[in-house]
Amino acid sequence: MAQQKKIKQKLSPEKRKSLLKRSIPIYIMALPGLIYMFINNYMPMPGIILAFKNYKAKYGIYGSKWAGLKNFKYLFSTQDAFIITRNTICYNLVFIIVNTVFAILIAIILSELTHKIKKVYQSVILLPYLLSAVIVSYLVFAFLSAENGFINNSILGALGKDPVSWYQEKQYWPFILVFVNLWKGIGYNCIIYLSTIIGFDRSYYEAAAIDGASKWQQIKSITLPLLRPTVIMLTLMAIGRIFYSDFGLFYQVPQNSGALLSVTNTIDTYVYRGLIELGDITMSAAAGVYQSIVGFILVMAANIAVRKLDPDSALF
Amino acid sequence: MGQEKRFQIFGHIVMTIVTLCAVIPLILLVISSFTDNDALVRNGYSFIPEQWSLEAYKYIFTSGNSVPHAYMISILLTICGTALGLSITTLMGYALSKTFLPGRGILTFLVFFTMLFNGGLVPTYINYTNVFGLKNTFFALLVPGLLMNAFNVMMMKSYFVTGVPDEILEAAYIDGATEFQAFFKIALPLAKPIVATIGLFIGIAYWNDWMNGYIYLTKRTDLYSIQNLLNRMIQNIQFLTQNSSVASNANTALASIPSVAVRMSMAVVGVLPIIIVYPFIQNNFVKGITLGGVKG
Amino acid sequence: MKRKLMALLLSGAMVCGALSGCGQGGAEKADTATEQSEDAGAEDAANSSEDAGESTAEATGDSAAAEEAIQARKDSGETPTVVIAYMNFAGSPAGIDRISEKLSEITEEKLGVKVELQIMDAASYSQNMNLMLASGEQVDLFNAVSVGFMPCVNKGYTLDLEEDDLIQNYGQGILNAFRTNEIDGCRVSGTLYGTPVKKDDAAGKFGISIPAALLDEIGFDYNSLYKDGEEIIYSDFDTIEDIFTKLHEAHPEKTVFYMDVSSVVSQCLAIDIPSDNFGVLLNPTESLEIEDLFESDQYKELCQRMYDWNQRGWISPDAITETNATTVQVKSGSLMAYKTATKPGIKQQESNLCGEDMIIFQLGPDFKGSSAYNTMPWCINQNTDDPVAAMQVLNLLYTDPDASTLICWGEEGVEWKETGDGHITYADGIDANNSEYFNNVNWEMPNQFIAKIWEGNELTIWDRMQEFNDNATASKAMGFTFDNSDVSAEYTALANVYSEYQSQLELGFINPEEGLPELVNRLKEAGLDDYMAAKQAALDEWAAANGVQ
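Protein chains in written order, with the numbering used here: chain C, 1 to 316; chain F, 1 to 296; chain H, 1 to 549.
In short, the hints are calculated from the structure, not lab data. Don't take every hint at face value.
To list a few chain H residues with every Cβ distance to chain F over 10 Å, as calculated [stated by the list, open to error]:
1. Phe-89
2. Glu-137
3. Lys-417
Simulated pairs of lysine to aspartate or glutamate, EDC-like, Cα-Cα distance not exceeding 20 Å [stated by the list, open to error]:
4. Lys-5/F <-> Glu-206/C
5. Lys-227/H <-> Asp-357/H
6. Lys-56/C <-> Asp-357/H
7. Lys-219/F <-> Glu-116/H
Partial chain F-side listing against chain C, Cβ under 8 Å, derived [unchecked claim]:
8. Val-14
9. Ile-17
10. Leu-28
11. Ser-66
12. Pro-68
13. His-69
14. Met-148
15. Pro-193
16. Ile-194
17. Pro-279
18. Phe-280
19. Gln-282
Since the model is a prediction, treat every value here as computed from it, not as a measurement. Virtual Cβ for every residue (Gly too), placed ideally from N, Cα, C.
Generate the whole structure from the sequences, applying the supplied hints.
So, in structure tokens, the structure goes:
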């Protein structure tokens, strides 16, 4: 696939004029998307300066006085800045790795299974994704409640162990959160890999099977290498959002339990706890800008690295 | 072939475990929704309820908010949104996959940029309300944020780059096909797996969305989608619980809501159509994908 | 597809708008409670050294300027519309347009103005209001509940009500309904940005609510403890702990006590909490010194007591993660006692909520803090086209019993009917679920004291409420509001630290001997001293401006 692209690039100089002509229909195809993007994203984009303003309704977003970096101060001038940054980044890194590995595993298995029941598997594992975070938090609570939870009553009880006050023991929560995140997203995450695998040319596999390659060898030497560009792209995009966290997962699922805060407080929940009373739109805008800028820098750096190692997989 | 069989068995074991993990909490969800509310508060959630009850469903179907009507809105929204969104996204992704396109790099960057930066809620709201007048209309559910997103465009673009070989398209041009013909006759059929996938993503996003209704619908409660209706109910109950000083002033009718069971039954109501519809969609997807998969 | 869409949109547009015959009953028969309330209002007026008259016309305090404005409006032939926004728990009710029109009939006749109601549910009210106020959509009057009064003021959403003597000229009825110091509760740095609502301003501290049936079961004689005519038993911790011990023995499987974490400090301790828990007045009737709550004896004693109760097994191990309202727990039979803030009518209210007869104990005093009047004030949007019209509509809602009844309870004959003994109740065939206008947010309405009284409440409820408000111990700092926008970074850090310890300490899950010093240190590191200093400075300034010693 890489070679194909190179061949075409070599073609272009002498055919420049005809290519320009060919471009017009392509631009027309892109037009609806471009118009939408302009309306939905770029028209409100100047509003980003709200983060640098001392907002007063009378003067509007653009007319209000500049506040410099004052709105950003609260994100840094706290002893918690390290903890929330650490939590946000570490969880996201673990999520990226765990989710990718499991999504690929499930996608490969689903693509290889022949029995019809695989459709049932695929449907059912998608369902948790459709539940809102609040509902997920209730379901988690059903398992972890100190008094009535299944884990305390059924499992630990049967094993003759003491019940655990799950919502007050923070050492378990990194695992619980990673598991819940995986549980909720696996059905959704594997779809993209599954569709990519289904799109692969079956003749590679047939040839490999004739050569006597085992299933494992086929997966290792055909499926995984072909999936690489998709994995890289998805990871790059995930890196761009590494400073964001799923508010529902970190706030609702631990039931906002104070004892767990040092392992559940992320940038988003920190901002929420402060701003729920303050209701300051400029401070929340500042948090968004901060998350965006860091994500942007990281993804650009990662993209440059990828372009060096594997130019075809880079985002742009 | 013994090895193939071993793999199949291994696959089924893994998938059974994963499926059970997904389905057990959901069974609990369904059972809780049919459990008497007092029993839920007293004993917590249970697979074998002390007392069954239909109260929660009675409440959500009779409490003045029309659940069937909200379903209609959701279905209409999901169909319109997916059709429109998928068209825009596919065309955009295809355009960006054309390496010869002048300005392709800039356009791709502009798309990517929207994934990280946005103007924020207030400016977006002002834009849609004051400039486009979408507030309290059906379009407020359809247009803001959901029609096209950078993630889907990038996925689409990358599939066109790797999954639709240029030689085939070149061959079509030599045969005299226009760009549009090449796209519809050759590229699109080859891209069926990703089109189906992105279509599913967009559909789920529309079905699950409640933010747009939350922000843009203040008067037209008849335009609430099912998720909107359910989320509002859940949040109002939560608000009452957490603000007891305000809640204590609230009326007894509110206190009589079977709140725990209602939350659960609302979640069931929200997910149910997907459970019913998804296998059909999936069937068609697989058909489409296998038809489009012949290439080389 | 498109046709279907159009049809849907059209049918939606036709949903509202049915107009039924209007009931005149309200006007002809002013019930006793209303008259009494007006008397109470007159007393207040006398207190604020205003000359309040007998008749309704004068009680509305129509000044010459107000009359002129009305006349000018009527002469011009144009009828401006005033948009009124507030919150309920179910979103825009089906009858909203009908009630808007009924209310408009009153306002058009009296003021030459139309009104339009905008009701949003608790889930989205704060978000919706912020967006509407920031985007310049038409909202003329709004209640600041949930959005927050200080945030509204800080963002400049609220109009200065004394600009060009707006309230003096057009809102005399509002001024008459309150004492000067009550109105002053809505001032920020001297500027008046809102008007208080008529509600329970004080709160009985540390009220405890227990089902009568359970007390009977353990043989506790509560009847003899009532002082004449009172609905609350004023008691002490020994009695309560004695009751709890017996309850626990009788029902070890049930939880004895629970309280909603968000309001422990504010509802248990008789201290003044200006805006937030970080820096409080521990002795609010004597001194204006801002002190650290978390180093105080009161707070330590509270945490110690809760720790003790928790150790005795009276508090559920799941208390921290409780997601059900206390009354729901009592109803289900899993909980036996809970904390409540008391006020007149509390016994009836809690009994209704729990579905059984409840006995209310109170361990602390009746107390009125600095924020008594600015928790949910009515504000005028700075962006309004016609501040005079907005103020006059607001004034009407404070003074006109018919208008107040309409906005509180809906339309006579459709939503409610007279019972014959001075109360009102559901109209025939109507209940809470099918009523087209049953918001039950009267505590948020400008003046529920002059509206009709729903069945189940005593007709004298508002007199008793007024008495309760007047007799409660008041903080010296009553009316002070702390604008923390300059120390918002510290506030965010403090709020995060506090939320780490709050539920554990206040529900007794950690030993205060260990937990409290830790919390105190962490808060200090997060900048509590700076925050308290800022609050003290603001309070001193306020005290100097208001002549409070």
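We went through each hint and held it up to the structure:
| no. | hint | in the structure |
| --- | --- | --- |
| 1 | Phe-89 | violated, 5 Å |
| 2 | Glu-137 | violated, 7 Å |
| 3 | Lys-417 | holds, 18 Å |
| 4 | Lys-5/F <-> Glu-206/C | holds, 17 Å |
| 5 | Lys-227/H <-> Asp-357/H | holds, 18 Å |
| 6 | Lys-56/C <-> Asp-357/H | violated, 50 Å |
| 7 | Lys-219/F <-> Glu-116/H | holds, 11 Å |
| 8 | Val-14 | holds, 6 Å |
| 9 | Ile-17 | violated, 10 Å |
| 10 | Leu-28 | holds, 6 Å |
| 11 | Ser-66 | violated, 21 Å |
| 12 | Pro-68 | violated, 20 Å |
| 13 | His-69 | violated, 21 Å |
| 14 | Met-148 | holds, 5 Å |
| 15 | Pro-193 | holds, 4 Å |
| 16 | Ile-194 | holds, 6 Å |
| 17 | Pro-279 | holds, 6 Å |
| 18 | Phe-280 | violated, 10 Å |
| 19 | Gln-282 | holds, 6 Å |
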